[in-house]
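With the sequences and hints as input, model every part of the structure.
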Amino acid sequence: MANEQAGMFPDPHEYQIPPELEGWEEMYPSHHLFSKERADWEKQQFWYLDKIHAPEPMPPLDMLFQEAWQISLSQYTTRVFCIPPAQGIAQRMVGCYMYICAVAPPPDEIIGEKAALFEKRVFYVFEHYNELWDKWLTKFKALGNEMIALEIPGELPKYVPEDQVLPAPKGYYASYDLIESFDKLVHQMFKGWQYHFEMLNLTYLAYLMFGDVSRKLFPGISESAIGKMVAGAYVSMFRPEEELCQLSRQAVALSGVADILKSDQTAAGKIAELEKTSDGKQWLEALEKAKDPWFYVSCGSGWFHYEGSWINNLDIPFGYIKSYVERLENGETIERSLDKVDKERDETVAEYRKLIGTDEDREAFDGAYNTVRTIYRYAEDHLFWVEHWFHTIWFSKIREFGKLLVDNGMINEPDDIFMFNRYEIPEILTEVATAWALGVGIPVRGDYYKAKAAKRRKILDAAGKWNPTPALGVPPEEVAEPFTIMLWGVTTDKVKEWLKGMGAGEVNGEGVSELKGFAASAGVVEGKAKVLKLLKDVMELEPGDILVCPTTNPSWAPVFTKIKAAVTDIGGLTSHAAIVCREYGVPSVTGTGIATSVIKTGDIIRVDGDTGVVTIVERAG
Numbered sequence: 000m001a002n003e004q005a006g007m008f009p010d011p012h013e014y015q016i017p018p019e020l021e022g023w024e025e026m027y028p029s030h031h032l033f034s035k036e037r038a039d040w041e042k043q044q045f046w047y048l049d050k051i052h053a054p055e056p057m058p059p060l061d062m063l064f065q066e067a068w069q070i071s072l073s074q075y076t077t078r079v080f081c082i083p084p085a086q087g088i089a090q091r092m093v094g095c096y097m098y099i100c101a102v103a104p105p106p107d108e109i110i111g112e113k114a115a116l117f118e119k120r121v122f123y124v125f126e127h128y129n130e131l132w133d134k135w136l137t138k139f140k141a142l143g144n145e146m147i148a149l150e151i152p153g154e155l156p157k158y159v160p161e162d163q164v165l166p167a168p169k170g171y172y173a174s175y176d177l178i179e180s181f182d183k184l185v186h187q188m189f190k191g192w193q194y195h196f197e198m199l200n201l202t203y204l205a206y207l208m209f210g211d212v213s214r215k216l217f218p219g220i221s222e223s224a225i226g227k228m229v230a231g232a233y234v235s236m237f238r239p240e241e242e243l244c245q246l247s248r249q250a251v252a253l254s255g256v257a258d259i260l261k262s263d264q265t266a267a268g269k270i271a272e273l274e275k276t277s278d279g280k281q282w283l284e285a286l287e288k289a290k291d292p293w294f295y296v297s298c299g300s301g302w303f304h305y306e307g308s309w310i311n312n313l314d315i316p317f318g319y320i321k322s323y324v325e326r327l328e329n330g331e332t333i334e335r336s337l338d339k340v341d342k343e344r345d346e347t348v349a350e351y352r353k354l355i356g357t358d359e360d361r362e363a364f365d366g367a368y369n370t371v372r373t374i375y376r377y378a379e380d381h382l383f384w385v386e387h388w389f390h391t392i393w394f395s396k397i398r399e400f401g402k403l404l405v406d407n408g409m410i411n412e413p414d415d416i417f418m419f420n421r422y423e424i425p426e427i428l429t430e431v432a433t434a435w436a437l438g439v440g441i442p443v444r445g446d447y448y449k450a451k452a453a454k455r456r457k458i459l460d461a462a463g464k465w466n467p468t469p470a471l472g473v474p475p476e477e478v479a480e481p482f483t484i485m486l487w488g489v490t491t492d493k494v495k496e497w498l499k500g501m502g503a504g505e506v507n508g509e510g511v512s513e514l515k516g517f518a519a520s521a522g523v524v525e526g527k528a529k530v531l532k533l534l535k536d537v538m539e540l541e542p543g544d545i546l547v548c549p550t551t552n553p554s555w556a557p558v559f560t561k562i563k564a565a566v567t568d569i570g571g572l573t574s575h576a577a578i579v580c581r582e583y584g585v586p587s588v589t590g591t592g593i594a595t596s597v598i599k600t601g602d603i604i605r606v607d608g609d610t611g612v613v614t615i616v617e618r619a620g
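Going by numbering that gives the first Met the number 0, the first residue of the sequence shown is number 0, and it counts up by one from there.
Relax, there's no trap hidden among the hints.
When the alpha-carbon atoms are kept at most 30 Å apart in a straight line, the in silico DSBU-like pairs for lysine-lysine are as follows: (1) Lys449 with Lys402; (2) Lys113 with Lys134; (3) Lys396 with Lys288; (4) Lys527 with Lys515; (5) Lys339 with Lys290; (6) Lys290 with Lys280; (7) Lys190 with Lys138; (8) Lys190 with Lys402; (9) Lys140 with Lys183; (10) Lys290 with Lys396; (11) Lys138 with Lys396; (12) Lys451 with Lys35; (13) Lys561 with Lys339.
Hints were generated in silico from the structure; no laboratory data involved.
Below, the structure is given as structure tokens:
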């Protein structure tokens, strides 16, 4: 726990981990652990729990994504686009949870050097965004297709095939193919995340620049008004939900299809029934066209192997389609109201623009606004292609290795491969390749790896029951790093709450009637709260509910036309939760820190997306 009197969080080198987690350090690369060699620096930093990317205990292989973004985000900030005062984001694992810190600004002379490079590089991207986006998407799709095409041996042959030996030896055989394929898969993921940050930091930067211009020109302007002026992005991340809407409307128009889709059968059962009729087959053809790529969307955030995806679990999208069909038959609108969002945005922009007194100020506003409206779509456009499409492909490929390890007696089930980090798996594959090369009957250490996987699952389960401190190290007098505030939602006030024990599982919910967060999406509504923490529970939402959750993500889009508002524990003004709510015109307060601990299902709450205040009006009986 934090030492409130001393105004300190626990020392990261002395923080006590529950004994049930003994051995957790073995799961992660050593460079992601606090170490005595870096202790002087580490003890002086402010480390906070990264609930955006890692709200749950981290399986070892899933850690690869975190490694990838740490390097990529940081290098683009420090070395590529050279954002003058910004440094990178450092990561450390503590008891299976990931803590991060924003590195302090560099010396003034370095800031000066970076500024000259920043001016040239960043504004070139702003001015040429559309053509750069087209090139980016072409390049990224090519990388994903390269990953799909990667050949992973399904088995090691009893004997090398004749055509690989005669008339001219191939000279490079299955044992090495196996090891090389895994290495390629790892490096493809790292390359994908290099691409990921080509423009993302600049997207957030454009939002920050527009916000700064707006606050200078319009003193007292609300954050929700700034957000409203940016809303209305036609992006890839919303395409999966749009495909579901189209499939649902087609189902209602075709004979007998809607009745089958509304039944309580599994997706497989519904498909079997649809194949019996011409109209059913017609609908299934449309389904097949939509699936690739638009069903390559995670059932969660895309960060964890166990979340699954629509393409691998058709019961999820079929559940959404069932709900949409029922709503259409009741005369409801299922699509997001794009015209309404566009109208409100344009009216808000016009209203504020009228207040500008000089041509110079008007030019500054127009420049910042046009830039953010052009590039800001990347914040959600890239999301589908990277965290969802690309990650879904990667998980599928990794499971091919998992199956091979099962077949060779090294692990019990394919997903056990995720219990080993990216440095350990080549060791296991080498053991398999070596035993194959040595000949028939050579033993492998299957029992060793099976026991290790079982032990690590047990540790992760124990970590899931633990409530770690929200922060470690030295709290800053003021949180000023813009990305920390805008994306993660960590503010000076939030840190003060943490120091009092807020957000650490010690909140007396009955004694709290008002919560404060970010005014993420404008509007004021009152209604019944539905507290949900897992994707599988999302279908429990009823029309008119107010969603209260740790964070939302775009794969939840099909419920946003049902709910009145959304409240989250995590996220700032540029978090995915904030963006999704603005795009659907749903009032939202993000980054409350404690909403899911304080609010209970059935409570009547008021959500003020203009001020960032959530009020508990009436407790459920």
